[in-house]
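Colleague: Now for the letters of each chain:
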Amino acid sequence: MKVGVVVFPGSNCDRDMYHVLSDVFKIDTQFFWHEKKLPKNLDALILPGGFSYGDRLRAGAIAAHSPVISDIKKFASHGMPILGVCNGFQILVEAELLPGVLLKNNSLNFMCKWTNLIVENNKTPFTNKLKMHQKIPIPIANGEGRYYADEKTINLLKKNHQIVFRYAEVVNGSTLRIAGICNKEGNVVGMMPHPERATEPEINPIDSKPASLIFESLLNAIGVTQ
Amino acid sequence: MSLAKQESIYLEKKIGRKPTSTEFQIVAAEWSEHCSYKSSKKHLKMLPMSGSNVISEKGYDSGVLDVGENYVVTVHIESHNHPSAVEPFGGAATGVGGVIRDILSSGTRPIAILDGLRFGDIEKDPHARWLFKNAVSGIADYGNCLGIPTIGGEVEFDNCYANYALVDVAAIGFGKKDKLIKNRAIKGDLVVLIGGPTGRDGIGGSQFASDSLESENRSAVQIPDPFIEKLIIEAILEARDQKCIKAMKDLGGGGLSCAVSETADSLGVGIELDVNQIHTRESNMKPDEIMVSESQERMLIITDKKKLNTLKTICKKFRIQCSVIGKVKPDSLMQVKKGAKILATLPTTIVANAPLLDRPSAIPKYLNKLQKEPFLKTPTNFSNILLKMISSPNIANKRWVYSQYDHEVGIRTVIKPGNDASVLRLDNGKFLAAKIDGNPKHCYIDPRQGAIGCFEEACRNVVCTGATPIGMVDHLQFGNPEDPEIFWTFLESLKGITDFAKSFKIPCVGGKVSFYNETPKGPIKPTPLIGILGIIEKQPLRPRAISNDDVLVIVGQTKNELGGSEYIEYIHGLIGGKCPEVDFKASKQNMETILEVIRKDIAKCVHDCSKGGLAIAVSELCMINNIGCKISLEKIPSEKLQTDRLLFSESHSRYLIVVEKKNLKKIRNILSKKNVEYNVIGNFGGSKIIIERNSKKIANLRVDKARLKWMNSLEELVLHG
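If you read the sequences in order, they're chains A and B. Those letters in the first sequence? Residues 0 to 225, by numbering that gives the first Met the number 0. Those letters in the second sequence? Residues 0 to 720, by numbering that gives the first Met the number 0.
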């Protein structure tokens, strides 16, 4: 059982994600620099948050052309669980592994705050241990986090149950308060909030159990596929 | 670039000839007030700098504290005032970048940023609003991109900063003791410059900062690039792990001139460098420009010849440029060449040690008048005054600021911004509390007592989380030191800080002096800033929600000390009065007592009583917890005082403790045994803040109404004027 954390120039939540995977959930975790080939024996991949290439052009736009992306696309098509968090989500969108775009927040500012997510799809490899409509206290931290897609895409997302998380309150003006989505197959998930910042009671002032279920879902999913 | 006439004469006498143009530029940069501390150095020696936790090593740009189990915490503070006053976004951003590289240069990973921001009156002055808004954006943009959480700080507005800005940034690092850079070099080691290219930005920046801000010299302001800084951080930490770094220094004020001369001087070696080898942004830069450019995101590294290839491979991975620009020589000379042509040959001890000054000082004439309390009209409606105070930009909640900073990244932030002090978890199971505090309103009236007050307040804040202060950094910001009255305020502040540091055995592990902070209307008020680090061995006090019937206890005495208070200035529009004074004995007793109460885990939360006095501290507890309270002023430990004094005096050493009714007896036992001044002054419940004196209602304010004002007034002011 092995999970890879992909590191791009400017990733800055890679070490936090590594800590949660390996120290909190005892998963065999390895970093992969964006220019490295990915080994075949991986069970899941995570694209962490940060400012890849300093968010130049658009958040995630340059990283979406990294050498590692072709491997990620291959693994995605084979059904491997892949999670993009924050900048990782932006990269997945820019790489067209997920539909839609992430725009500047309607406050036009970077926003760091705790909020609540509502689970809208509990069939993905990252949500299978959560209950439908369960609340997850979690922090967001982004400048370009407002999810947007045209009406046609939104209708498809609804029809295929691709909306995974919504905010419980209006946070940044995102369409339908969307906070996270998945691809049609459900194995590639992107979310703006940071689950790795919410799984430990020491740093989560509200309740760390719901966010922990995101990682326990992954463990569950990997166990099933093995 | 210039040297004073007597400095030119001194230089010629020391080197025995006229300096070349390059030599002149190098010396002028290094001998600027900003780099040389020529006005303050003699006096700074009075500060206690050693302690059992302090690791001092030559050439460190940051203070290093041993926190046990082979771990160290590093800390440094800097300001970027002149650049921020001209170009607030870039000035503030590069201020963050510079102090982060100081943390990096000792070989530790930066883990937190705190910032202290000061501007003119944003209620009336749109320019102050513009400066404020953009300085916050600049800090956010830089710190967020680096993935270093901005965990705390303070914001203050005062007319004395009109058309000016104080942007102070403190940074904290964490690492393994055995991985600290040792700063050693021997003959034949290579001098390497890594990072961004050297350009024409920031030329003469240190000189610009060493003069009064009269013209907007934009070319002296540096351009920020946080992405390159992030790559440098990762590359350097990897190079540290691969043992590629023998010595390291950040390129800050004075650029290469200062970095090279100071490194060579502190290591006791000579350095020879060739400007042709330096990677530049523009092709036609003159050697003199290259030597004094303050382009950001550059580090000077001394490496062993054998390690050069490893270092180059690491830099290649991160695609940052790495140029071998020279080598270490045994002769204690700094030699600058362009190919074969020698441009400068100077003894490093001369360059790095400017002739120090002994500036005259004189007690300011205005002080006598200022220290007399102005006549105050007795207010008729305290509810309205309390509400007005709550919405004052200096007291209103600073959520609009800190929500733009990523304060969670790094997953260490246990106690978040918006509390008395922020707390980080460390890898050895301990916790680190940090806070910075300044109070120019107090320091203006009494620079010595004001500075002591800042020190005590920062200590109080970390004590409220359960932390014992272990180290201090100070940032002393004043006007033109050539004015004896201003120099006197500097000396007084420094003496106050020294007294407190010695008495409380809190070593000064770093600091900075910034002079020439002058606005078109004159000097700023004396603005010493104190940063405190505290250690919690077991668990910090995480503030728990207050509920009905919880009891409010005050520790410490309230005195007739309205001077420089928010009440006197914001409500009455007056400056003056008696500055609060710290009673060292009571201060120590109160700190120890609060720490014991927290260790025994019998308090729900502890809150410091400071700006706005007791009335604001109580209101904050109510507004944070959405709960009302009823307090009785006659129960406050004090001499007989008028109501406004009891409510708004900013006397130090005071703490509010919230405790469950069932624990009241336990608290009383501890407080009585410790023999501190204390009393139960009220309890929580309902939806109103009710203040009484001898059963007569003084103020009655709905918590929801107050909370709305408190939470939103700053944001509304910034966005809508």
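One thing to keep in mind: the hints can contain errors.
To be verified - Restricting the straight-line Cα-Cα distance to at most 20 Å, the calculated cross-link-like pairs of lysine to aspartate or glutamate (EDC-like) are:
#1 B/K415 - A/E199
#2 A/K103 - B/E237
#3 B/K504 - B/E591
#4 B/K429 - A/E201
#5 B/K316 - A/E199
Hint data in this document are derived by calculation from the structure and do not stem from the laboratory.
Colleague: Each hint needs a verdict: does it hold in this structure or not?
Modeller: Cross-check of the supplied hints:
no.: 1; hint: B/K415 - A/E199; result: 15 Å, holds
no.: 2; hint: A/K103 - B/E237; result: 34 Å, violated
no.: 3; hint: B/K504 - B/E591; result: 14 Å, holds
no.: 4; hint: B/K429 - A/E201; result: 12 Å, holds
no.: 5; hint: B/K316 - A/E199; result: 33 Å, violated
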